[in-house]
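Chemist: Top to bottom, those sequences are chains F and Z.
Residue 34 in our numbering sits at position 34 of the first sequence; the count goes up by one each step and never skips.
Residue 97 in our numbering sits at position 97 of the second sequence; the count goes up by one each step and never skips.
You may find that some hints are simply not true.
[Said to hold, decoys possible] Label-pair restraints from in silico Cβ distances:
{"hint": "1", "chain 1": "F", "residue 1": "31", "chain 2": "Z", "residue 2": "94", "range": "32 to 38 Å"}
{"hint": "2", "chain 1": "Z", "residue 1": "71", "chain 2": "F", "residue 2": "65", "range": "42 to 48 Å"}
{"hint": "3", "chain 1": "F", "residue 1": "72", "chain 2": "Z", "residue 2": "135", "range": "51 to 57 Å"}
{"hint": "4", "chain 1": "F", "residue 1": "89", "chain 2": "Z", "residue 2": "35", "range": "20 to 26 Å"}
[Stated by the list, open to error] Residues from chain F that keep clear of chain Z, each with C-beta distances beyond 12 Å, as calculated:
{"hint": "5", "residue": "31"}
{"hint": "6", "residue": "33"}
{"hint": "7", "residue": "37"}
[Stated by the list, open to error] From the structure, some residues in chain F lie toward chain Z, with a derived Cβ separation under 10 Å:
{"hint": "8", "residue": "69"}
{"hint": "9", "residue": "81"}
{"hint": "10", "residue": "82"}
No lab work stands behind these hints, which were simulated from the structure alone.
Where a beta carbon is used, it is the ideal one built from N, C-alpha and C, also for glycine.
Below are the chains, spelled out letter by letter.
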Amino acid sequence: MAASPSEPLNPLIHTQARLRIMTTLTALPEGDRLAFGRLQALLDATPGNLSTHLRKLENAGYVAVTKGHLGRVPTTHIEATRAGRRAFEDYTEQLRALLTPPTGVAGPTKEKP
Amino acid sequence: MVPYPGEPDDANDGAPLDPAQSAALIAEQRARWAAATGVDARLLFGVWGGACLLGFGAEYSVATDPPLLGWPGWVAGVVFAGLLATAMVINIVHIAVRTAGVRGVSANAGAMYGWAWFGSFAGIGALSFGLARAGASPDVTKLVMTTAPLLIVGALNMAGAAIWQDRTQFALGAWILIVTTIGAIVGAPHMLAVLSLAGGGGLLVGALADAIRVRRAVAWASDAPGRAAV
Numbered sequence: 001m002a003a004s005p006s007e008p009l010n011p012l013i014h015t016q017a018r019l020r021i022m023t024t025l026t027a028l029p030e031g032d033r034l035a036f037g038r039l040q041a042l043l044d045a046t047p048g049n050l051s052t053h054l055r056k057l058e059n060a061g062y063v064a065v066t067k068g069h070l071g072r073v074p075t076t077h078i079e080a081t082r083a084g085r086r087a088f089e090d091y092t093e094q095l096r097a098l099l100t101p102p103t104g105v106a107g108p109t110k111e112k113p
Numbered sequence: 001m002v003p004y005p006g007e008p009d010d011a012n013d014g015a016p017l018d019p020a021q022s023a024a025l026i027a028e029q030r031a032r033w034a035a036a037t038g039v040d041a042r043l044l045f046g047v048w049g050g051a052c053l054l055g056f057g058a059e060y061s062v063a064t065d066p067p068l069l070g071w072p073g074w075v076a077g078v079v080f081a082g083l084l085a086t087a088m089v090i091n092i093v094h095i096a097v098r099t100a101g102v103r104g105v106s107a108n109a110g111a112m113y114g115w116a117w118f119g120s121f122a123g124i125g126a127l128s129f130g131l132a133r134a135g136a137s138p139d140v141t142k143l144v145m146t147t148a149p150l151l152i153v154g155a156l157n158m159a160g161a162a163i164w165q166d167r168t169q170f171a172l173g174a175w176i177l178i179v180t181t182i183g184a185i186v187g188a189p190h191m192l193a194v195l196s197l198a199g200g201g202g203l204l205v206g207a208l209a210d211a212i213r214v215r216r217a218v219a220w221a222s223d224a225p226g227r228a229a230v
């Protein structure tokens, strides 16, 4: 889907928590998974809150959750799916369009004296 | 039409964001990710540079005739081994902490890469045994045992750079390889001075250059919040 400033930003990503989750998971190279605990530490999230958001992203097909065992300890690893990476890319592209004035002048934060 | 799957709703979502806040949040989280997981070239160059400068310097101080310093040769050897072992431990711990919790394609590549280090250094140990049994003179043993491990360090760093597409690591490996090649031509005892000053000193210059680069990048990003994000 092409990004357009007139469309609403993807509500699945456009929240503090899920935006930070997707930013973190898409920072990994494709095919790499991150342990739940490490993700939690990188986000300062509570396990319950993080699980809730991950379930929502998983239902949308944006993240994949892999459960396994390390010895007897259960482990959970999360990765951004191809669809998730695509959605995040569209989201940032749309943001860029929203933040760039249509006149084409350099970014909104730079002002010439 | 429902443009997006799932049902974004509830109280967990928090306050609504505007685009500028979103961009700032992305930049902040990316910076956090980079700080927590990126390999710190300043640290690795600094640690290896210091260990090479002082370690090979200590070896050189007792290798010339007459020696530059009056301390016993075995003390210089212990200083050298201690410094290089410390650098290796710091290197391994740093990489392990930064990559903790990551699994998958790149983690597998990292494991294979780790085995390449382990295997080649085990081979170096066997080489020293083989040299002694073949009746190599102390001079030959010293030349081979000084240059061979460094050639592996240089080559493996260049290979690692190819895996992770990291120019910094390529520069590190290439520099070690070049300096060791020059050292091998120069030969004992002055190759130790080359390794100390050009090898160790060069890595410290690399650490300094990276520290300046990081400082500039931070200044650039904080100059206009959100600029780096999108």
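Chemist: Evaluate each hint against the coordinates.
Modeler: Tested hints:
At roughly 24 Å, the beta-carbon separation of residue 31 (chain F) and residue 94 (chain Z) lies outside the given 32 to 38 Å, and the hint is violated. At roughly 60 Å, the beta-carbon separation of residue 71 (chain Z) and residue 65 (chain F) lies outside the given 42 to 48 Å, and the hint is violated. Range check, residue 72 (chain F) to residue 135 (chain Z): about 54 Å between beta-carbon atoms, so the 51 to 57 Å window is met. The beta-carbon spacing between residue 89 (chain F) and residue 35 (chain Z), approximately 23 Å, falls within the hinted interval of 20 to 26 Å.
At roughly 4 Å from the closest C-beta of chain Z, the C-beta of residue 31 (chain F) falls inside 12 Å, breaking its exclusion from the interface. The beta carbon of residue 33 (chain F) sits about 5 Å from the closest Cβ of chain Z, which is not more than 12 Å, so the claim that it is off the interface is violated. For residue 37 (chain F), the non-interface assignment is contradicted: its Cβ lies about 6 Å from the closest Cβ of chain Z, within the 12 Å cut-off. For residue 69 (chain F), the interface hint is violated, since its Cβ never comes within 10 Å of a Cβ in chain Z; the closest pair sits about 13 Å apart.
Hint status for residue 81 (chain F) relative to chain Z: violated, with the closest Cβ pair at about 12 Å, above 10 Å. For residue 82 (chain F), the suggested interface contact is broken, since its CB lies about 14 Å from the closest CB of chain Z, more than 10 Å.
In this structure, the earlier hints numbered 1, 2, 5, 6, 7, 8, 9, 10 are contradicted, and the remaining ones agree with it.
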